[in-house]
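Trainee: For reference, the chains in residue letters:
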Amino acid sequence: MQEEQLIAGLRAKDRKTTEYLYDKYSRALFAVVSRIVFDKDIAEEVFHDSFVKITNKIDRYEETKGRLYTWMANICRNSAIDKLRSKEISQAGKTNTIDDFVYGMESQSGTQEHIDGIGVKELMVALNEDQKFIIEYIYFKGYTHSEVSEEFEIPLGTVKSRVRAAIQVLKKNVARI
Amino acid sequence: MNIQSYISSGKLELFLLGELTDREREEVLDRAKRYPEIQQELNDLEETMFAFDSMTGVVPSQEVKDKIFTSLESTFILKENPKLIGDTAQVKVIPITSAWKPFAIAASIAAILASGAAFYYADKYQERNQQFTALLQDQSVMADNLNQVKFDYEKKGSQLDKLIAGDYKKVKMLGDSFELQKDARVDVLWDQEAEDVFVAVNQLNGLSDELDYQLWAIGEDGPVGIGLVNAGEKMALQQMKSVADAGTFAITIEPKGGSIAPNLEKLVVLGEVS
Numbered sequence: 001m002q003e004e005q006l007i008a009g010l011r012a013k014d015r016k017t018t019e020y021l022y023d024k025y026s027r028a029l030f031a032v033v034s035r036i037v038f039d040k041d042i043a044e045e046v047f048h049d050s051f052v053k054i055t056n057k058i059d060r061y062e063e064t065k066g067r068l069y070t071w072m073a074n075i076c077r078n079s080a081i082d083k084l085r086s087k088e089i090s091q092a093g094k095t096n097t098i099d100d101f102v103y104g105m106e107s108q109s110g111t112q113e114h115i116d117g118i119g120v121k122e123l124m125v126a127l128n129e130d131q132k133f134i135i136e137y138i139y140f141k142g143y144t145h146s147e148v149s150e151e152f153e154i155p156l157g158t159v160k161s162r163v164r165a166a167i168q169v170l171k172k173n174v175a176r177i
Numbered sequence: 178m179n180i181q182s183y184i185s186s187g188k189l190e191l192f193l194l195g196e197l198t199d200r201e202r203e204e205v206l207d208r209a210k211r212y213p214e215i216q217q218e219l220n221d222l223e224e225t226m227f228a229f230d231s232m233t234g235v236v237p238s239q240e241v242k243d244k245i246f247t248s249l250e251s252t253f254i255l256k257e258n259p260k261l262i263g264d265t266a267q268v269k270v271i272p273i274t275s276a277w278k279p280f281a282i283a284a285s286i287a288a289i290l291a292s293g294a295a296f297y298y299a300d301k302y303q304e305r306n307q308q309f310t311a312l313l314q315d316q317s318v319m320a321d322n323l324n325q326v327k328f329d330y331e332k333k334g335s336q337l338d339k340l341i342a343g344d345y346k347k348v349k350m351l352g353d354s355f356e357l358q359k360d361a362r363v364d365v366l367w368d369q370e371a372e373d374v375f376v377a378v379n380q381l382n383g384l385s386d387e388l389d390y391q392l393w394a395i396g397e398d399g400p401v402g403i404g405l406v407n408a409g410e411k412m413a414l415q416q417m418k419s420v421a422d423a424g425t426f427a428i429t430i431e432p433k434g435g436s437i438a439p440n441l442e443k444l445v446v447l448g449e450v451s
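Chains as they are written, first to last, in the numbering used here: chain A, 1 to 177; chain C, 178 to 451.
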């Protein structure tokens, strides 16, 4: 299905299109949420709310302002960050690092999840320490780049170029795997 | 503009992370429109992020999917028969499976009932709101009345205190010996020691707006005006100015506001202090 068709179907509140959207994007969007919100039940709750929000607010999405996936991922990311910062979740005892995410996923029972996690470790290994740090804080801990800059006293420009470098590495390796 | 340095600034990544201000977003969108390389890089990065997210994620549980679609159930719109809309070739037919019909019917009925209820309650709300406003107004009127009553009560209370504590003489003023109002009768209550004077109208005709009844205390120095008498306020005590010396009290009709000297031709009632 073309993106225009998909958007038109969503705007028409069509069930089949919504199911297609879910099948195509739920894994990626759930990843956006669950790497920030580590607790599986809470992550699923956030994902539920975000997906409902996406379908309900589809009229607010503007094609000229960016692609659909980016818009959806940002809704998920912001909901996850909101949840993480709400008092509801106590992150006490949870460091929420890439390692937790990778090993946490691997330790879960069932082959399904095990297969799903393939490649993450390889992707992460390719990053140098600086890049890993940036990815960890921005992708896994829900920091904004300016928060990373302030908290760790890294110049904003450096944060930006590290984000760029890290994503370039991911880009290269995603294509390879 | 150096396209490569713009691309490598990291701005596009932040754009995708939703971390740019509205103005910066506009800038990125504008440049992407103008320079195909930038648009291409944006597309590649988005693909990368989607691929990264897809690879690192796990599929959410079936329960979440069921819950989501249950939550969305009421928002789905069942397609009308596309033939009714127009060219069948262009309209994609989304078949309505029979399993959805009962839900659709139930949802429609629920929607109708809900709108009915909404109208009903909106109407009720309006009505209650008006009643409430009316009650508030009533309440405000009552509060005013209560204040008036309280004021009167306090006045009466203090008058009563004076009457009980003081040594009041009652002077009956009658109109039978004059031409104007034969049946007129007004009582003066006077405490000579405290010099307090009250009048109580028993019978006094109403006057036109330009005229007033004026009470006079007539002593050794002649008549002294000690206040205007309200004819309408019957059987109630009206306090007058204080008087130390008087042998006679009388009421005349005077122009509005009273006069310095009484018009004896308009004498209404007179009573001597016994």
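Hints in this document: simulated from the structure, not taken from any laboratory. Treat each hint with caution, since some may be false.
As the list claims (entries may be wrong) - Once the Cα atoms are required to be at most 30 Å apart in a straight line, the calculated BS3-like pairs of lysine-lysine come out as:
(1) C/K242 with A/K141
(2) C/K347 with C/K242
(3) A/K57 with A/K132
(4) C/K347 with C/K278
(5) A/K141 with C/K411
(6) A/K13 with C/K347
(7) A/K172 with A/K24
(8) A/K40 with C/K244
(9) C/K210 with A/K171
(10) C/K411 with A/K24
Said to hold, decoys possible - Not the full set, but computed from the structure, chain C residues with beta-carbon under 10 Å of chain A:
(11) R208
(12) Q316
(13) V318
(14) A320
Unchecked claim - Stretches of chain A that chain C covers, calculated by requiring three or more beta carbons in the stretch to come under 8 Å of a beta carbon on chain C:
(15) 57-63
(16) 74-84
Quick reminder that beta carbons are idealized off the backbone N, C-alpha and C, glycines included.
Trainee: Confirm or reject each hint.
Mentor: Outcome of the hint check:
1. C/K242 with A/K141: At roughly 25 Å apart (the allowed maximum being 30 Å), A/K141 and C/K242 satisfy the hint.
2. C/K347 with C/K242: Roughly 97 Å separates the two Cα atoms, so the pair is violated.
3. A/K57 with A/K132: 34 Å, violated
4. C/K347 with C/K278: Violated, at about 96 Å.
5. A/K141 with C/K411: 87 Å, violated
6. A/K13 with C/K347: 93 Å, violated
7. A/K172 with A/K24: Holds, at about 23 Å.
8. A/K40 with C/K244: Between A/K40 and C/K244 the Cα gap is close to 15 Å, so the pair holds against 30 Å.
9. C/K210 with A/K171: 23 Å, holds
10. C/K411 with A/K24: 93 Å, violated
11. R208: With a closest approach of 13 Å, the C/R208 hint is violated.
12. Q316: 43 Å, violated
13. V318: Since the shortest Cβ distance to chain A is 49 Å, the answer is violated.
14. A320: 46 Å, violated
15. 57-63: With 0 residues close enough to chain C, the hint is violated.
16. 74-84: holds (count 3)
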